[in-house]
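Residue numbers (my numbering), protein chains in the order written: chain A, 31 to 421; chain B, 27 to 208.
Derived by calculation from the structure, the hints in this document are not laboratory data.
Here are the simulated distance ranges between beta carbons:
#	chain 1	residue 1	chain 2	residue 2	range
1	A	Gln107	B	Leu52	20 to 28 angstroms
2	B	Lys116	A	Gly340	37 to 45 angstroms
3	B	Tyr38	A	Thr318	47 to 55 angstroms
4	A	Lys205	B	Cys188	55 to 63 angstroms
5	A	Val258	B	Ala35	14 to 22 angstroms
6	A	Trp408	B	Lys116	34 to 42 angstroms
7	A	Arg395	B	Ala35	50 to 58 angstroms
8	B	Glu121	A	Thr305	25 to 33 angstroms
9	A	Glu322	B	Asp129	28 to 36 angstroms
The beta carbon of each residue, even a glycine, is placed where N, CA and C say it ideally should be.
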Amino acid sequence: MERLAKIYRENENFRLILKLFFILLMSRLFMLVLMVIYNVYMGTDRSIAFLMNQWDAKRYQFMIDNGYTFPLDTDPQANWAFFPMYVMVCRFVKMLTFGVMDTYWVGMTVSTVCIFIAAFTAVKYMSLVRGGRSEDYLLIPLLMFAGPYSFYFGSVYTEAMFVLFIALFFYAAAKKKYLWAGLAAAFASATRIVGCLLVFALIVEMYLDLTQDGGKLITWAKIKSFIVQMLKLPEHIFAVMLCPFGAFCYMTFLRFFCGDVWAYKNVQIAWREDTYFPVVGVLWKACTGQIEPRYTYMGWFCIGIFIVYGYMLYRRYYSMAVFGIISLLVPLTSHVMSTCRFTVGSFVVYMGVYEILKGVRPKIRTAILIFFAFAQIWLLFMWYNSDCWLM
Amino acid sequence: MMKKKSVKAAFYAGAVILACFYLLVLWWGKNPDVGLEYRMYYLTHELSDWPGYGKLSYEPGTTEYCTTLKDKDGNERSINVCRRKGKGWKEDQYEGSTNSGKDAYLYYVLNRTAENASYQCEVTEFAGNGRVEVYCNDRKIGEIQGTGTFTFEIGKLEEKECDTIHFVADNVTFCLWSSAIL
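Using the sequences provided together with the hints, build the complete structure.
Here's what the structure looks like:
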């Protein structure tokens with residue numbers, strides 16, 4: 031016991047892990063209590079696995095057990111739209127349990143482990159780029175474990191794993207270990223297609239690294255110098271090329287599986303028939319209430335998130351803001367559906383929210399955090415209730 | 027120094043290999059190896075319903091009904107449901123398929139060559155003062171000017187080819203209930 035206390039006092043990482051574990055435990059207990067309240071209030075007797083895994087979680091559960099399948103004659107919504115990394119890891123974990131463990135619990139365990147490591151990495155990243163002790167940044171794991179929409183990170187969804195790879199990417203990039211960053215991006219792109227967009231974040235990181243002189247951020251001379259230097263750095267080029275590797279591997283699989291490498295994109299037609307002008311048209315239709323009320327909310331949510339990313343640019347989180355903006359623009363080319371999930375799943379928004387919270391007066395910060403807590407309670411109830419606002 | 031050079035060369039080579047791999051995948055993307063139904067539904071969006079793999083194939087003489095797979099109560103239908111509709115049909119198809127605009131399409135891939143094929147359809151609703159011209163593979167085969175059952179001579183239709191029945195509605199809304207190539 032004394033030895034443990036000594037390690038706790040001297041080892042910052044050990045201390046951080048324990049604190050993160052405590053926050054995670056509290057957040058999950060909170061979810062559990064709300065489940066009990068939900069069941070009592072609604073007069074139901076639904077299990078944890080049932081309540082936590084709504085909508086696409088059922089598809090992931092099916093894929094973990096059965097892999098990719100062809101569309102039925104009566105249902106063209108093939109599961110090729112879902113990228114394989116998370117499914118493969120869950121399948122492997124299930125195999126380790128000799129197939130005994132329930133698939134939902136396997137998925138939830140994988141997601142929870144991923145978000146825990148992601149939160150740890152996020153804190154280490156902040157401590158690296160902003161300085162100070164790791165414990166100064168515990169607000170970030172609090173948001174990731176218990177903030178609004180954080181239930182996605184506890185269910186059978188790819189979000190937690192995706193956040194993990196993005197966090198690892200930015201941590202490696204901040205340490206200027208670009209090969210590792212490229213590798214993390216490759217895994218991210220095998221988890222969700224927008225992982226490919228980390229290539230832009232990597233280029234921004236490299237640009238800032240190779241052209242830093244305290245002068246103007248972007249000049250033609252700097253861009254020219256950057257390109258020339260890059261061509262002389264094969265390790266950098268290789269790291270950049272590595273970013274979309276995961277997505278291309280999946281596309282290769284699709285070629286041999288169904289004959290179409292773009293199947294994950296082409297299959298979307300089975301979900302949606304309404305088409306809008308990309309981004310501007312989508313946001314206009316959504317924000318002005320011309321679609322459904324939930325999409326009006328999501329439209330304004332996206333506007334708010336763009337403001338957060340703008341603030342991140344102001345606070346010099348260039349690569350993160352670039353990634354956040356592009357990764358939100360991509361879904362907005364077709365619809366606002368699921369953009370709340372995509373936003374929390376892009377990880378970088380937590381840095382922006384953290385900076386905003388740090389920048390406001392303590393009373394306002396407390397008020398915002400209380401609002402987040404109530405929002406999370408409300409959202410959790412909606413989640414347990416399979417509300418389509420959270421699709 | 028030598029080792030550093032070889033590491034550099036390895037990274038250049040790795041980058042080139044990755045670039046070649048990506049180009050190969052993109053080339054595959056340009057040339058998908060898919061069946062007709064997949065191409066028409068997922069790629070060109072010519073089909074409004076997903077018929078299933080190989081399900082555009084058609085045995086001449088089979089009457090199909092232009093309705094949904096399930097009725098309003100969610101029960102499976104026991105009739106041959108037409109799943110070969112292209113663009114131009116309204117979504118609500120419980121009582122037959124109504125055109126949504128000027129052009130509406132059906133697609134057939136015959137299992138065997140039909141020497142003297144004809145197209146037969148039953149129209150249950152017809153609203154408007156105009157008419158509906160019916161084309162098979164861009165050749166006009168007849169006109170619909172009201173409700174009833176219509177039969178139009180087509181001529182020879184080859185097997186394994188995608189044949190298009192094209193309805194051109196001139197200020198008319200019509201509801202197609204059944205369709206067959208005889």
